[in-house]
Every structure is written in C-alpha cells, then in structure tokens.
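Model the placement of chain A on the given structure of chain S, informed by the hints.
Note that the protein sequences, when read in sequence, are chains S and A. Numbering-wise, the first sequence is residues 8 to 298 according to this note's numbering. Numbering-wise, the second sequence is residues 72 to 447 according to this note's numbering.
To be clear, the hints were calculated from the coordinates, so they are not data collected in a lab. Only a predicted model underlies this, so the values are computations on that prediction, with no experimental measurement involved. Incorrect hints may appear among the rest.
As the list claims (entries may be wrong) - Result set (BS3-like, lysine-lysine): computed pairs, CA atoms no more than 30 Å apart in a straight line: (1) S:Lys190 x A:Lys438; (2) S:Lys141 x A:Lys238; (3) S:Lys126 x A:Lys238; (4) S:Lys106 x A:Lys238; (5) S:Lys71 x A:Lys438; (6) A:Lys238 x S:Lys177; (7) A:Lys198 x S:Lys190; (8) S:Lys267 x S:Lys248; (9) S:Lys190 x A:Lys442; (10) A:Lys238 x S:Lys169.
Below are the chains, spelled out letter by letter.
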Amino acid sequence: MTPELMEQGAQRYERAQEALVQGKTASGGRAAAFSRPLVRGEVDTTHGRILYLEDVQVSFDGFKAINGLNLDIAPGELRCIIGPNGAGKTTMMDIITGKTRPDSGSVFFGSTIDLLRYKEPEIAALGIGRKFQKPTVFEELTVFENLELALATHKGVWPSMKFGLNGEQKDRLSEVLQTIHLKDSVRRRSGDLSHGQKQWLEIGMLLMQEPKLLLLDEPVAGMTDEETARTAELFLTLKGKHSLMVVEHDMSFIRAISEKVTVLCDGAVLAEGTLDQVQADERVIEVYLGR
Amino acid sequence: MTTQVLTSAAGLPAKGPLLARSGWGAILVALLVVCALAPALNLLVPESSIFHLSDYMVGLLGKIMCYAICALAMDLIWGYTGILSLGHGLFFALGGYVMGMYLMRQIGREGSYQSDLPDFMVFLDWKELPWTWALSDSFAATLLLVLLVPGLVAFVFGYFAFRSRIKGVYFSIITQALTFAAMLLFFRNETGFGGNNGFTDFKRLLGLPLATQEMRMTLFVLTGLTLLGCYLFARWLVSSKFGRVLQAIRDAESRVMFCGYDPLPYKLTIWVISAVMCGVAGALYVPQVGIINPGEMSAANSIEIAVWAAVGGRASLIGPIVGAFIVNGAKSWLTVTFPEFWLYCLGALFIVVTLYLPQGVVGLVQKLRIKKGGQA
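Here chain S stands alone, though its shape is the one from the complex:
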C-alpha cells in the first residue's frame, strides 16, 4: 500500500469520526464509495436505508408472530405502521431493539450493523430509541432525573458515579423540557404526572438519547386531542433529522403525520403506500372489517 493511499484512508477515517461525533447528516456527509473503511458504531446509510428487515420469522410455541416480514426505512423518513391486533407490530419492535431473537431472517441498521448480534443496551447506544406501548418512566424519580438518566453520555458504572451535568447538557435538557411542555414540572415525581404527560416525558427521554431511529409504540394513546395535535407537530419537526417508526391506531393522527403507511397483518406486510392508497386497498379493508 502506498503512503498516499494510507494517508487518504486516514483522512477518510477522521472525517467519518468527525461526522459521527457531530451527527452531521444521515449519510455522514459523504457519498457512497467502494471499499470505504468500516467504522465501528457508524450507521452507514449511503445505500439509502437506515433500517432493513428481510424475511424475518418468529414463532412463539408454534404461533407465527412474524412470518416472512420484509421492511425498510429510509433515513429521515417518518413511517407509520398500522394493523389489526396481533399483527406483530410490537413483536417487530422487540426484534429491532434486541428484546426478542428471530428464528431466522436478517435485521440491519444501516448497511453494516447486524442488529441480531447486539444486546438491548448496545442497540440503544447505537442510536435506536424506543417508546413502549404503556408509558414507562421511572416513577420514583423526578422529571428532571428521568431526562438526566436518558441523556446520551457514557453509561458505565464509574462515569455515572462522578457524573455532573455540563453547560451544554443543561441546555439540551432545558430544550427538551421546552419541547415536551414539562418545564413547570421539572421537580415533580414522574409517577404523579398525568397519562399524557408521562407519554411526553418518555418521548423526551428518547430525544435526550439523540437516537437516529425512533420506534414509537402508540405514542398518543390516552392523550387529549390537544396533546395529540402537539405530538403530531413534534413528530413532523423530528422528521428529516431522525428516522421515525410510529405504530398507531388513531387514524386522524396518522393522517396528520404520515407520508407512507405500512399495513401489517399476520406478521407480514400486507400493503404499503399513502394512507389513502392503503385505505382503498381491498385486502386492507377485509382485514380491518372482518372476513
């Protein structure tokens, strides 16, 4: 290998690192190139896909929860997933976040990271955030402490023992507090919040993690109409900077935010397209209205 080539390689590596730290753009500010060095933990989206599921199969005691699922999501996309109960929506999120191992198939984050090789905390650290169906916050801690815990930082034991917020992180925290409209409740025990506020807090915790991909399981369940409208607004501002996958039953909410909708049924994709397209689809009408 000539010195120039080595030099170029080193420069590319540096640029990639820089892009990784700054999280510049979805593709790290680079065009696709052949034989680019692999950077550990870097999400390579140069092929236009941030999440890629192929022929995934999962069965629980013989019941096929996921049956040959193929799905991909582009960087910056806001994808809505709908489907009847038991279609495998939550199981799909379990697979992506490492909670459930599929029997077969492949799940890639970017084009280089095989998610099936990682455990839940590692997947979270790679940049996939998840909101549960039932709002899950740390009830005994205050709103402030909840957000502080979720903050993207070193998550080891020793760094946690001597952790203190720096100025930049404080700004980030107040920014998120503003976004989720909980500024006046900073010191409140999060267990005392209303259902809708807990949903917001959990979304805020996701934002603190600065994930590249957000998985949101029924984010507006139990929210008032006003809160739902605000959530829709928030998701639209997140789109582009982050990729979002939203599972919802609330059709008016989906109409407000969606560009592309995927319909899941019996563990596989039934239809894909705009909301109007899928709503006109005969098969979709059939699974929703009964056969």
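For chain A alone, coordinates are given in the frame of chain S:
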C-alpha cells in the same frame, strides 16, 4: 430526606450538597456520642452513678451497630435496587470467620492443649494448618481478606445470577439456598473452620488482651465510626447518578436497558459493595461477642436483616439503621423478660409493618411531620 434544591440560571435543579446542614449536624452529634460521650460515661463515670454506661450496654450497642451496618447494606441492594437478598448473613459470617481465624492464631499456645495449632485441630489430630489458614497470622492480610472474601464470593455468585437475569423471588430463594449450603459446609469438621463449634475463647487482638474495658470501648468506637463512614459512603452512592440508575433498575429495568445502560455491571457493583459492608460488620462483630459459628449463616439470620430494613423504612438509608436498633433493642429486652414471646412479637411486627407501614418507621415519622407542619 432533606436534600436542598438550589436553582441554576436555566431553571433546572442543581446538584444539591451531599447532606443538608441538619444532616451534617446529626452526623456531628453521632460522632461526639460515639467517640466522646459513650467512652466518658463508660470509663470515667463511676459505676455507682446512674449515668454510668455499663459494660453490658457497651457490648450490646456495639453489636447492634454491627447489625445496623448490615441493614444499611441491605438497603442499598433491596431498598434502592429492588433486589431482595436473603443471603446477606453469609457475607456477614464470612467476614466474621476471617477475623475469627486471626483471633484463633492470636491465642498462641495458651489453648487447652498448649499447641501452636488451634484447639479444634489438635482435637481432630491434625498436624499442620490447612492452606486456608496460610495468611491468618497477619493482621494486615486479615483486614484485606475481610474485604476480599465476601467480595469475591458475591462477585462470582452475582455475576452468574445477574447474567442469567434471575430476578425477584427466584433470586431471593437462591441466595437463601446459598447461605444454607455454606452453613452445611461450615458445619463439617473437614472444612477446617471448627465445625459446629466454630471459633471461640479468643484471648488477644494485635497482642492486646480482648477482655478489658478499654478494648471493648475501642471496638465500640471503631464500629461506630465504621457505621458513620458506611452511611456517608452509601449516601454519596445513592445521591450520584449511579444511585438513580439503581432506582431506575428497580422501577423499570427494561426502560433502563433501552436507555443504553447495561444493568449487569450496576447490579454487580452494588451487590459486591453491599456484601463487603456486611463482611466488615461481621469482622467487627466477632471480637465483640467472642464467638463465630455456622449458626450465623442460618436462614433466619439473613431474613432478620431484611426485617430490620423493612421495619426502619426501605430506600431511606437512615431507616434500616433505626430499624436495626428498634428490632434488636426490643429483642434483647424481650428475650430476657418474656423469652417465649419474642418470635411471636417479631412475626407480628413484620406483618404490621408490611401491611400498614410500607415506608417503615421513618416513613411514618415523615408522614406525621408533613401532617403536623402543613405546608412546611
């Protein structure tokens, strides 16, 4: 808890001091009582005076302070992390045995058989010390082993248990089985730790006779200082972000994982810290009571530690210390006056606390104070 909340420019709560001013005041008072008042009342005030602190009381309080360290350790793992251990008696006993071995060697040739070996070995017709006793004549090594032995046992056990994601009641049962198995092992003479008689008849510590008023007082002061030190250390731990992650693990472990924290090292760290604290308590306990035997590893002992923590109030640090004093104070009084009723009282106390005082005595006091003070 009275952590003061200051406000920073951004309107966010700033990191409060480790203890509020009143908290430091209480620590100072405790320090004075342990280091000055108690020794003065015991050593200087004549026995005829009503202010005299009897040797019996010094021994009793010293013993209870050892228990309080255990209860504090239990609070870290149970109250804050939500992992109920019913095997902490094992770590206490291990610390005690390590200290006991040193004290046995200190007897020297003054045993009934006038041999270099401890009496029970002569009795078993052993000719030399087993390898486990290799470091037992060095005090420095003993101090180190007091930390290392319980720590290592806890680390190995905890690593496998937490890695397999064993939780809740299953974990409690396994820890109970662990201490029971260890008790059976230590009951055997072949294990080399005195069988069912354990170690006793200690004579000296660091060459100084144990059975003197001054030595008793020294051990009392040391125990008190250790208790205060452990309390401050625990307070620092739980008020750091580390402590909040522990509470988060207790409340919603899967959320913690999806926040990017691996719970394993967190659980393991607090588990080992908790075990080492118990070991230190055991090492302080043995020279004060003058005996250690496998009975300390019995299931009931470990359960009692959990009862102290529950009675005093979990997840408050001060609660379990108070609980250890209340329960053991009641125990030493009742076992003398109504010996046959003690176990009934303990059982009733546990039921009452579980049903009506989920926050324990400390929680009750706090509730009353809030009610009385209204806004304040």
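Open item on the list: Could you work out which of the previously given hints the structure breaks and list their numbers from low to high?
Closed with: 5, 6 and 7
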